[in-house]
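With the sequences and hints as input, model every part of the structure.
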Amino acid sequence: MKILIIEDEIELRETIKQSLLKEEYIVETAADFLSAQEKISIYDYDCILLDIMLPDGSGMDILKELKQMDKSENVIIISAKNSLDDKVSGLELGADDYLTKPFHIAELNARIKAVIRRNNLQGKKHLEIGNILFNIEERTVKINGEAIHLNRKEFDMLSYFLLNKNRLITKTALAEYVWGDHIDQADNFDFIYYQIKNLRKKLKTAQASIAIKTIYGIGYKLVEK
Amino acid sequence: MKLLNQSLLYISLAFLLIIGIWAIVFYFNLKEEIRDSIDDGLDNNKMLILQKVKVDSTLLLQTEFGGNNFKIKPISKQHALSINDRFKDTLMYRQNESDLEPVRILHSAFEHQDNYYQIKIISSLVEEDDLVEEAFWSVIWLFIILITSIIIINNIVLRKIWKPFYKILNQLKSFRIDRNQLPLRITTNTKEFKQLQQASNALIQHAQKAYTSQKQFTENASHELQTPIAVIVNKLELLLESEKLNEVDAQTIAEVIDIADRLKKLNNSLLLLAKIENKQFLAPQTISLNEVTTTFLSDFKDWAAFKNIEIELKKSGDFNYNMNKALAEILISNLIRNAVFHNIKDGIVEINITEEKFTICNSGISEALDPKMIFNRFVKNPSKSQSTGLGLAICKAICKLYDLELTYHFAINKHCFTIYKKSNSLI
Numbered sequence: 001m002k003i004l005i006i007e008d009e010i011e012l013r014e015t016i017k018q019s020l021l022k023e024e025y026i027v028e029t030a031a032d033f034l035s036a037q038e039k040i041s042i043y044d045y046d047c048i049l050l051d052i053m054l055p056d057g058s059g060m061d062i063l064k065e066l067k068q069m070d071k072s073e074n075v076i077i078i079s080a081k082n083s084l085d086d087k088v089s090g091l092e093l094g095a096d097d098y099l100t101k102p103f104h105i106a107e108l109n110a111r112i113k114a115v116i117r118r119n120n121l122q123g124k125k126h127l128e129i130g131n132i133l134f135n136i137e138e139r140t141v142k143i144n145g146e147a148i149h150l151n152r153k154e155f156d157m158l159s160y161f162l163l164n165k166n167r168l169i170t171k172t173a174l175a176e177y178v179w180g181d182h183i184d185q186a187d188n189f190d191f192i193y194y195q196i197k198n199l200r201k202k203l204k205t206a207q208a209s210i211a212i213k214t215i216y217g218i219g220y221k222l223v224e225k
Numbered sequence: 001m002k003l004l005n006q007s008l009l010y011i012s013l014a015f016l017l018i019i020g021i022w023a024i025v026f027y028f029n030l031k032e033e034i035r036d037s038i039d040d041g042l043d044n045n046k047m048l049i050l051q052k053v054k055v056d057s058t059l060l061l062q063t064e065f066g067g068n069n070f071k072i073k074p075i076s077k078q079h080a081l082s083i084n085d086r087f088k089d090t091l092m093y094r095q096n097e098s099d100l101e102p103v104r105i106l107h108s109a110f111e112h113q114d115n116y117y118q119i120k121i122i123s124s125l126v127e128e129d130d131l132v133e134e135a136f137w138s139v140i141w142l143f144i145i146l147i148t149s150i151i152i153i154n155n156i157v158l159r160k161i162w163k164p165f166y167k168i169l170n171q172l173k174s175f176r177i178d179r180n181q182l183p184l185r186i187t188t189n190t191k192e193f194k195q196l197q198q199a200s201n202a203l204i205q206h207a208q209k210a211y212t213s214q215k216q217f218t219e220n221a222s223h224e225l226q227t228p229i230a231v232i233v234n235k236l237e238l239l240l241e242s243e244k245l246n247e248v249d250a251q252t253i254a255e256v257i258d259i260a261d262r263l264k265k266l267n268n269s270l271l272l273l274a275k276i277e278n279k280q281f282l283a284p285q286t287i288s289l290n291e292v293t294t295t296f297l298s299d300f301k302d303w304a305a306f307k308n309i310e311i312e313l314k315k316s317g318d319f320n321y322n323m324n325k326a327l328a329e330i331l332i333s334n335l336i337r338n339a340v341f342h343n344i345k346d347g348i349v350e351i352n353i354t355e356e357k358f359t360i361c362n363s364g365i366s367e368a369l370d371p372k373m374i375f376n377r378f379v380k381n382p383s384k385s386q387s388t389g390l391g392l393a394i395c396k397a398i399c400k401l402y403d404l405e406l407t408y409h410f411a412i413n414k415h416c417f418t419i420y421k422k423s424n425s426l427i
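If you're matching them up, the sequences are chains A and B in order.
Position one of the first sequence corresponds to residue 1 (the numbering used here), numbered consecutively onward.
Position one of the second sequence corresponds to residue 1 (the numbering used here), numbered consecutively onward.
Hints listed in this document are in silico derivations from the structure and should not be mistaken for laboratory results.
As the structure is a prediction and not an experimental result, all values here were calculated from the model.
Glycine included, each C-beta is placed from N, C-alpha and C at the ideal position.
Possibly wrong hints are sitting among the right ones.
Keeping only pairs whose Cα atoms sit at most 30 Å apart, straight-line, the calculated DSSO-like set for lysine-lysine is [unchecked claim]:
{"no.": "1", "chain 1": "B", "residue 1": "244", "chain 2": "A", "residue 2": "2"}
{"no.": "2", "chain 1": "B", "residue 1": "235", "chain 2": "A", "residue 2": "165"}
{"no.": "3", "chain 1": "B", "residue 1": "46", "chain 2": "B", "residue 2": "77"}
{"no.": "4", "chain 1": "A", "residue 1": "153", "chain 2": "B", "residue 2": "325"}
{"no.": "5", "chain 1": "A", "residue 1": "197", "chain 2": "B", "residue 2": "275"}
{"no.": "6", "chain 1": "B", "residue 1": "265", "chain 2": "A", "residue 2": "17"}
{"no.": "7", "chain 1": "B", "residue 1": "235", "chain 2": "A", "residue 2": "153"}
{"no.": "8", "chain 1": "A", "residue 1": "153", "chain 2": "B", "residue 2": "88"}
{"no.": "9", "chain 1": "A", "residue 1": "197", "chain 2": "B", "residue 2": "244"}
{"no.": "10", "chain 1": "A", "residue 1": "113", "chain 2": "B", "residue 2": "345"}
{"no.": "11", "chain 1": "B", "residue 1": "77", "chain 2": "A", "residue 2": "64"}
{"no.": "12", "chain 1": "A", "residue 1": "67", "chain 2": "A", "residue 2": "39"}
{"no.": "13", "chain 1": "A", "residue 1": "22", "chain 2": "B", "residue 2": "265"}
{"no.": "14", "chain 1": "A", "residue 1": "204", "chain 2": "B", "residue 2": "307"}
To give an idea of the chain B side of the interface with chain A (calculated C-beta under 10 Å), a few residues [as the list claims (entries may be wrong)]:
{"no.": "15", "residue": "227"}
{"no.": "16", "residue": "241"}
{"no.": "17", "residue": "264"}
{"no.": "18", "residue": "268"}
{"no.": "19", "residue": "290"}
{"no.": "20", "residue": "294"}
{"no.": "21", "residue": "306"}
{"no.": "22", "residue": "307"}
{"no.": "23", "residue": "333"}
Some chain A residues flagged as far from chain B (calculated, every beta-carbon gap over 12 Å) [to be verified]:
{"no.": "24", "residue": "32"}
{"no.": "25", "residue": "38"}
{"no.": "26", "residue": "58"}
{"no.": "27", "residue": "78"}
{"no.": "28", "residue": "91"}
{"no.": "29", "residue": "113"}
{"no.": "30", "residue": "131"}
{"no.": "31", "residue": "155"}
{"no.": "32", "residue": "209"}
{"no.": "33", "residue": "211"}
This is the structure in structure tokens:
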């Protein structure tokens with residue numbers, strides 16, 4: 001899987017690159033409009049992370065070029081602007097997703113995987129980890145071939161964990177993903193613990209080959225047994 | 001006091017003084033003039049009588065006034081020589097008016113065939129009290145006529161002259177800096193008003209510039225902060241995954257991430273406020289607050305359950321309103337979050353929705369908050385460091401944008417926030 005990061009801020013570019021390398025992607029970067037233009041015209045990427053505000057041009061123009069080449073559907077716009085206009089016109093130009101800075105790494109991982117899955121025609125509709133068969137579209141989970149019932153939040157949590165296998169997810173990142181932005185001032189994320197506890201119980205009963213590890217005071221990590 | 005009345009007051013006082021002094025001077029002058037002419041008449045009378053005495057000595061027997069206006073009395077030579085012509089004011093009884101009336105009297109003496117006589121000649125004075133009264137009323141009338149005409153002139157002329165001023169005043173009164181309004185415009189040839197217009201417009205321009213640049217600054221600063229915050233959060237998240245970290249260090253990093261997250265939220269809230277104030281949210285649609293509330297309650301359910309807070313939702317009507325969907329969601333979720341966040345353990349949140357209003361009440365500290373302060377930015381409970389102090393400010397800004405009324409009151413140990421549709425806010 002090949003990913004291109006178009007981002008002018010060097011620190012952010014390198015951090016994202018480092019994180020994506022952990023997921024064993026092939027990562028290329030472009031720091032400005034011209035080099036981005038060059039790269040997209042020569043190579044094909046499975047996913048492109050595109051910053052809208054570049055020093056020598058607008059990311060929107062790159063998106064237009066991609067659209068002309070019919071390659072815009074795997075673009076995730078990363079922007080400091082949470083402006084609705086940009087979001088709408090970006091998505092109209094065929095971008096797949098729109099992520100507002102700052103974001104959590106786990107969130108970016110989940111979005112990239114979703115883009116790749118959606119655009120990969122040969123791609124399987126489900127994720128297979130250990131003895132777990134996870135169908136995101138149909139929102140079903142099978143363990144050892146047997147369907148288990150999860151409520152909406154448990155399902156969201158599990159999908160987030162699966163998309164971030166072996167990666168540390170902080171409590172805040174998890175809460176934001178599952179409960180939405182609106183929960184963001186929750187004075188105590190410990191209530192998440194109860195949800196995790198239920199999820200763990202269900203996984204254990206079904207004898208799943210994965211486990212959700214607690215990293216005390218920080219967050220959680222999904223590991224294969 | 002209105003400008004018009006104020007000038008009227010000063011003019012009236014000045015006129016009262018001037019007319020008062022003038023009336024006194026006029027009265028004495030008039031009196032002097034009348035005396036003068038009466039005295040001349042008496043002198044003339046005396047000469048006529050003396051001429052008549054020479055041919056008709058019976059006149060010398062007229063020792064009382066009777067019907068005539070003189071009386072003659074014989075006196076010694078010595079006495080006669082001591083008498084000089086003298087005019088005096090005195091009172092005499094008048095039979096027809098049964099009253100003492102003022103008269104002018106001339107004392108004199110003359111010699112006739114070696115005999116000496118004293119003569120007194122009288123002339124009725126203009127009745128002085130009548131004169132005073134007459135003069136007084138004339139003055140009063142003069143004053144009334146003057147003031148009335150001044151009021152009329154003031155009203156017509158001043159009103160006309162000051163018209164441009166009131167126009168500027170009215171335009172300034174309705175001026176709102178957050179609306180992009182045209183500069184003030186009046187048509188006048190008066191130099192002072194032209195200057196006033198210019199000065200007002202210059203001031204408005206300055207204020208608008210400052211306002212715009214302040215708004216832009218907030219937005220730009222917040223935007224510029226997003227990337228550095230993203231770098232901090234992401235780098236720390238990567239660092240957290242490092243194998244070399246010990247547990248204590250990892251927890252410290254997690255704490256720093258939490259703080260960076262708070263920074264992110266604060267920044268997002270400021271951006272949101274700037275955007276609401278810049279009216280960057282368009283596309284209003286009919287929103288059902290009932291639906292929005294139901295949706296968000298399910299999001300907050302787990303958190304509330306964890307704090308053992310009971311949430312009661314009563315819907316006795318559909319609150320529908322034309323507004324931006326994202327803002328409606330922010331408004332409702334902020335209020336619900338606020339009610340849960342500032343609640344106590346085992347507390348309660350009551351939501352009541354009718355067609356005209358949305359009320360959310362929560363248990364909490366048993367003390368009313370200051371309704372004047374509570375919607376201000378960065379007003380927060382110092383013990384709750386996670387709070388940005390912007391949630392309610394955002395709610396207020398959203399309500400203001402859409403002409404909704406948002407109020408706070410404290411009743412029966414509950415903190416209540418109510419959103420009214422504005423046409424009903426007075427009921």
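Each hint, compared with the structure:
{"no.": "1", "hint": "244/B x 2/A", "verdict": "holds, 29 Å"}
{"no.": "2", "hint": "235/B x 165/A", "verdict": "holds, 19 Å"}
{"no.": "3", "hint": "46/B x 77/B", "verdict": "holds, 19 Å"}
{"no.": "4", "hint": "153/A x 325/B", "verdict": "holds, 24 Å"}
{"no.": "5", "hint": "197/A x 275/B", "verdict": "violated, 40 Å"}
{"no.": "6", "hint": "265/B x 17/A", "verdict": "holds, 25 Å"}
{"no.": "7", "hint": "235/B x 153/A", "verdict": "holds, 28 Å"}
{"no.": "8", "hint": "153/A x 88/B", "verdict": "violated, 122 Å"}
{"no.": "9", "hint": "197/A x 244/B", "verdict": "holds, 29 Å"}
{"no.": "10", "hint": "113/A x 345/B", "verdict": "violated, 40 Å"}
{"no.": "11", "hint": "77/B x 64/A", "verdict": "violated, 141 Å"}
{"no.": "12", "hint": "67/A x 39/A", "verdict": "holds, 15 Å"}
{"no.": "13", "hint": "22/A x 265/B", "verdict": "holds, 28 Å"}
{"no.": "14", "hint": "204/A x 307/B", "verdict": "holds, 27 Å"}
{"no.": "15", "hint": "227", "verdict": "holds, 5 Å"}
{"no.": "16", "hint": "241", "verdict": "holds, 5 Å"}
{"no.": "17", "hint": "264", "verdict": "holds, 5 Å"}
{"no.": "18", "hint": "268", "verdict": "holds, 7 Å"}
{"no.": "19", "hint": "290", "verdict": "violated, 17 Å"}
{"no.": "20", "hint": "294", "verdict": "violated, 14 Å"}
{"no.": "21", "hint": "306", "verdict": "holds, 3 Å"}
{"no.": "22", "hint": "307", "verdict": "holds, 8 Å"}
{"no.": "23", "hint": "333", "verdict": "holds, 4 Å"}
{"no.": "24", "hint": "32", "verdict": "holds, 15 Å"}
{"no.": "25", "hint": "38", "verdict": "holds, 24 Å"}
{"no.": "26", "hint": "58", "verdict": "holds, 15 Å"}
{"no.": "27", "hint": "78", "verdict": "violated, 8 Å"}
{"no.": "28", "hint": "91", "verdict": "holds, 15 Å"}
{"no.": "29", "hint": "113", "verdict": "holds, 17 Å"}
{"no.": "30", "hint": "131", "verdict": "holds, 26 Å"}
{"no.": "31", "hint": "155", "verdict": "holds, 14 Å"}
{"no.": "32", "hint": "209", "verdict": "holds, 22 Å"}
{"no.": "33", "hint": "211", "verdict": "holds, 18 Å"}
Checked against the numbered hints above, the structure violates hints 5, 8, 10, 11, 19, 20 and 27; every other hint is satisfied.
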